[in-house]
Amino acid sequence: MEKPYRLSVFFCTRIVENEAPLLSQAPESVEIRPVPMACSSMVKDLFLLKALEAGADAVSVWVCPEGACRHVQGNLRAKKRVQRVQSLLEDIGLDGRRLTFFNLAPQDRVSISSRLEEIAALLAGIGKNPAGPPRSRDAEPGPATPAGLEPKAPDTHPG
Amino acid sequence: MIVGEQKPVQEILQMVAPHRKFLILGCGTCVKTCFAGGEDEVALLASALRLASRKDGRPVEIEELTVERQCEDAFIAEAAEAVSRNEAVLSLACGAGVQAVARRFPRSPVLPGVNTTFLGVLEHQGLFTEECAGCGDCQLAVFGGVCPFSRCAKKLLNGPCGGSQEGKCEVDPDTECAWHLIIERLSALGRLDQLRAYVPPKNWQTSLSGGPRKLIRKDHVI
Ligand code: SF4
Ligand code: SF4
Chain A
1 MEKPYRLSVF
11 FCTRIVENEA
21 PLLSQAPESV
31 EIRPVPMACS
41 SMVKDLFLLK
51 ALEAGADAVS
61 VWVCPEGACR
71 HVQGNLRAKK
81 RVQRVQSLLE
91 DIGLDGRRLT
101 FFNLAPQDRV
111 SISSRLEEIA
121 ALLAGIGKNP
131 AGPPRSRDAE
141 PGPATPAGLE
151 PKAPDTHPG
Chain B
160 MIVGEQKPVQ
170 EILQMVAPHR
180 KFLILGCGTC
190 VKTCFAGGED
200 EVALLASALR
210 LASRKDGRPV
220 EIEELTVERQ
230 CEDAFIAEAA
240 EAVSRNEAVL
250 SLACGAGVQA
260 VARRFPRSPV
270 LPGVNTTFLG
280 VLEHQGLFTE
290 ECAGCGDCQL
300 AVFGGVCPFS
310 RCAKKLLNGP
320 CGGSQEGKCE
330 VDPDTECAWH
340 LIIERLSALG
350 RLDQLRAYVP
360 PKNWQTSLSG
370 GPRKLIRKDH
380 VI
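Chains as they are written, first to last, in my numbering: chain A, 1 to 159; chain B, 160 to 381.
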């Protein structure tokens, strides 16, 4: 059965190497669309909005703790972009809380689980994304990350 | 380059409200460099406007296009088909670009999405500062390469004013005192003596104050 809420999680693969730990800890009410990134600096403001456009009810960006980014400033850049998009969401009348940002230590499964539960509780309070595409009850859930915008797994410094 | 910033999204939403299908036209030169109107900003704004309109239950159709320069007709022409498919154009170029597009397409409303702010330089990533007022009679040789017309809050030509503190302007302590910079620079060049000469009041006739200006290069006009 389709879960009521969709969450796109953009995460640095130093926190968890793949999506399995996220999917296995998904709250009952939340379907997770994981987007792995070789460094959180790869997250672009546009990806976050596109995820909401594609039907995510919330978007979360997970980065390494400050001072622990292997590309030095990747997580700081990601934080600034997230803050900008949060204020843009407020400006257009969408609740900026739909976009969350967390610093997580590598392999910290306990925090992952509690962050996911926090988001599930938030979604239960604020409801579905009112700007998502129309959803029919029988329809297959669409992509929460639109085609072409999935960050590629680079083997080089993302800059 | 010309520096500008995107208008607040609420103002843009009000401007585009009468239109259900419009083109966001970016410019790939100055405004791209200052993150106001290049391809990325066009895409981000389009996405934000689509979300806003869907939330309000009035979905809009937005086409996105960025041309190399909106102040040159040869590049504007590339947008002709896209313009003809849409009810209006939201231009993310500077004011010159907006007007050039409007001139080319007289039957399309052309709306400005950017507040054109100044002629400046990129000091470091994300910081742009005003450095030229386009006065039409450049006097940088007199001032050691630092422009007091655009960088001194009081536009003093025989400064400093006496309020400068530790190299900062008394009007705005976040701004460097232009006269401090002028003196430092002329000292480094060994040309401080230059400042003994009185600089007479500027004739602003060559600036915008003398009316709209035109530049004609006869060798290029056929
Ligand atoms: S239209 Fe304006 S912003 Fe674009 S290239 Fe010309 S001067 Fe620069
Ligand atoms: S003197 Fe005039 S042209 Fe030269 S930098 Fe200053 S404002 Fe610009």
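Don't take each hint at face value.
Below are the SDA-like pairs computed for lysine to any residue, each with C-alpha atoms no more than 20 Å apart in a straight line [what the hints assert, rightly or not]:
1) Lys314/B to Gln284/B
2) Lys166/B to Ala202/B
3) Lys44/A to Ile375/B
4) Lys44/A to Lys180/B
5) Lys166/B to Leu122/A
6) Lys79/A to Asp199/B
7) Lys79/A to Glu223/B
8) Lys128/A to Val110/A
9) Lys214/B to Lys79/A
10) Lys166/B to Pro65/A
11) Lys180/B to Ala261/B
12) Lys79/A to Lys180/B
13) Lys214/B to Leu122/A
14) Lys166/B to Thr276/B
15) Lys180/B to Glu227/B
Read the hints as simulated data drawn from the structure, not as lab findings.
Those earlier numbered hints the structure runs against, lowest number first | Those not satisfied are hints 1, 3, 4, 5, 7, 8, 9, 10, 12, 15.
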